[in-house]
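Work out the full structure: start from the sequences and follow the hints.
The listed protein sequences correspond, in order, to chains U and W. Just so it is clear: in the first sequence, position 164 is 163 by numbering that gives the first Met the number 0, and no numbers are missing. Just so it is clear: in the second sequence, position 57 is 56 by numbering that gives the first Met the number 0, and no numbers are missing.
Since the hints were derived computationally from the structure, they do not count as laboratory data. A quick note: this is a predicted structure, and the numbers were derived from the prediction, not measured. Hints should not be assumed to be uniformly reliable.
Stated by the list, open to error - Pulled from the structure, derived: some chain U residues nowhere near chain W, Cβ distances all over 10 Å: (1) G12; (2) E26; (3) V174; (4) V223.
Stated by the list, open to error - Facing chain U, from chain W, some residues (calculated, C-beta under 8 Å): (5) K209; (6) E210; (7) G212; (8) M214; (9) L216; (10) V217; (11) G218; (12) A219; (13) Y223.
For every residue, glycine included, the Cβ atom is placed at its ideal position computed from N, Cα and C.
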Amino acid sequence: MIRFEKVTKSYPGTGSPALDQVSVDIEKGEFVFLVGTSGSGKSTALRLVLREARPTTGRVYVAGKEINRLASWKVPRLRRQIGTVFQDFRLLQNKTVSENVAFALQVIGRSRTDIRNLVPETLEMVGLDGKGDRMPDELSGGEQQRVAIARAFVNRPMILIADEPTGNLDPTTSVGIMKLLDRINRTGTTVVMATHDHGIVDQMRKRVVELDHGRVVRDQAQGVYGFQH
Amino acid sequence: MQLRYVFTELGQGLRRNLSMHVAVVLTLFVSLTLVGAGVLLRDQAGLVEEKFGNEFEIAVTLCRDNDRSNPACAAEADQAQIDAIQEVVDASPEVESSRFETKEEGFEKLKKFYDADYLEGPNAAITADDMPQQIWVTLKDPQRYEGIVSSVQGLDGVAAINDQREAAEPMFETINTLRDGSLLVALILVVAALLLVANTIRLAAFARRKEIGIMRLVGASTIYITLPFLLEALVIAAISVVLAGGALAALIQFGIQGRLADSLEFIPWITWSDSVTAAIVVGVTGPLLTLLPTLLLTRKYIKV
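Rendered as structure tokens:
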């Protein structure tokens, strides 16, 4: 589903590359933790999958396509197959919960009937049944992240990318979010999650890819966070 | 495609940056009016030139039959006389070129400047037959005309030499100065308008940065993201064009047709039918001035 082939990404004006000869293969339906200290290259790797950036050398394949060779007008179509969740939720504060989720479908031109069906269904799935008319600032952090996950998942993407989704949440709330991501993963969606959170990684026992200074230093099925932080 | 979002955004965008939009509209309005005025003045100069000839031209009027008022003429200038005059004209080193104008051609020209009532029907005041034949001489240098005038004057068949440059020249000078002035000011204002449009887009892109970020992430197409910006630009252009068109129409209706055309009758003044070019120029320039920077800048601010 996602394949990195000897990917190097260097940003102009910096000494060492953000990613250095990274090769990783993620199968369809896998749940993968991307761990490592700040600046280890996690975010860069996620940006490459979303084609927010292009590799300096090497190849990135997503859903069978080599995306660094993808014409820029085809990029939106690629991104419709990828849902994205961030640490800071990124909800539109002037829209209700339902409107926030519906927005993701509206702007890619889905029909009103689809939106009427998919939005409540997805809200129910993430555990926000009956909260569709609330405004984001009336919700707790965990609930806001659930709205963000609903927005990322409402179009039923093949891949869900989560960049430190529990970074702003307390441990109890985080467990809820992880259960939700696990449920989404079990629908067949490939989940890639970058995180700092030892507890979560150790508890979930999923595949762990550890980056350090842009290199893959560990790729372990059913791994734990590890010893270096 | 669901356009509800696009139109909501359009309405919000127009309201959000209202003062900025008003500034753009006003600047565009004035600059488009001046551009239009420049085009109208060019057309006006063209009309004046058609009637009086331009500053390079001298008209040699040939004799007509039964023109008793002119002692130099006994009868209609015949072909031999015309050839002789033409030869002198063409041999003159001051002459750039010359062309012969028949009675009919002269009459056609006259029709443009006077009501058809005078020129048609059984009781026409003037017919094609009353028109003189003319040789229009274009000079190489408008200042050097004495030679050709003196060598043609007195030839058989020459009724008069119409050197209207003296009458036409101040008129041309005024019109051309006004035209150049309005186009220059228009150019300066166009630059101001472009900068204002650029600034407005920057503000709008900043105000919408969160929405734009989400739209890019969930895979909205570039055209969908750009559409509210383009529509905003189009609305602003439309308002400015309408205002400028109104101002120019008022200028023609009240300024020219209502005032100048009555007080200065000997000059042919532009009418509605002459203002089509100006309308097209204003109608095209307005949207171009807003859409082009919008397209260029949204590419920059909304990179995929």
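Status of the hints after comparison with the structure:
1. Every beta carbon of chain W lies more than 10 Å from that of G12 (chain U), the smallest distance being close to 19 Å; the non-interface claim holds.
2. No Cβ of chain W approaches the Cβ of E26 (chain U) within 10 Å, the least distance being about 23 Å, so the stated non-interface status holds.
3. Remark: the non-interface label on V174 (chain U) is consistent with the geometry, its nearest Cβ contact in chain W lying 26 Å away (cut-off 10 Å).
4. No Cβ of chain W approaches the Cβ of V223 (chain U) within 10 Å, the least distance being about 31 Å, so the stated non-interface status holds.
5. Annotation: K209 (chain W) was flagged as interfacial toward chain U, and the flag holds, the nearest CB pair being 6 Å apart, inside 8 Å.
6. Taken as an interface hint, E210 (chain W) checks out: its beta carbon lies about 6 Å from the nearest beta carbon of chain U, inside 8 Å.
7. Because the closest C-beta pair between G212 (chain W) and chain U is about 7 Å apart, less than 8 Å, the hint holds.
8. For M214 (chain W), the interface hint holds, since its Cβ comes within 8 Å of a Cβ in chain U; the closest pair sits about 5 Å apart.
9. A distance limit of 8 Å between C-beta atoms decides the matter here; for L216 (chain W) the minimum to chain U is near 5 Å, and the interface restraint holds.
10. Using the Cβ-Cβ criterion of 8 Å, the hint placing V217 (chain W) at the interface with chain U is satisfied: the shortest such distance is roughly 4 Å.
11. For G218 (chain W), the suggested interface contact is upheld, since its CB lies about 4 Å from the closest CB of chain U, less than 8 Å.
12. Contact between A219 (chain W) and chain U, as hinted, is supported at the beta carbon level, the nearest pair being about 4 Å apart and thus within 8 Å.
13. At its closest, the beta carbon of Y223 (chain W) sits 6 Å from a beta carbon of chain U; the interface hint therefore holds under the 8 Å criterion.
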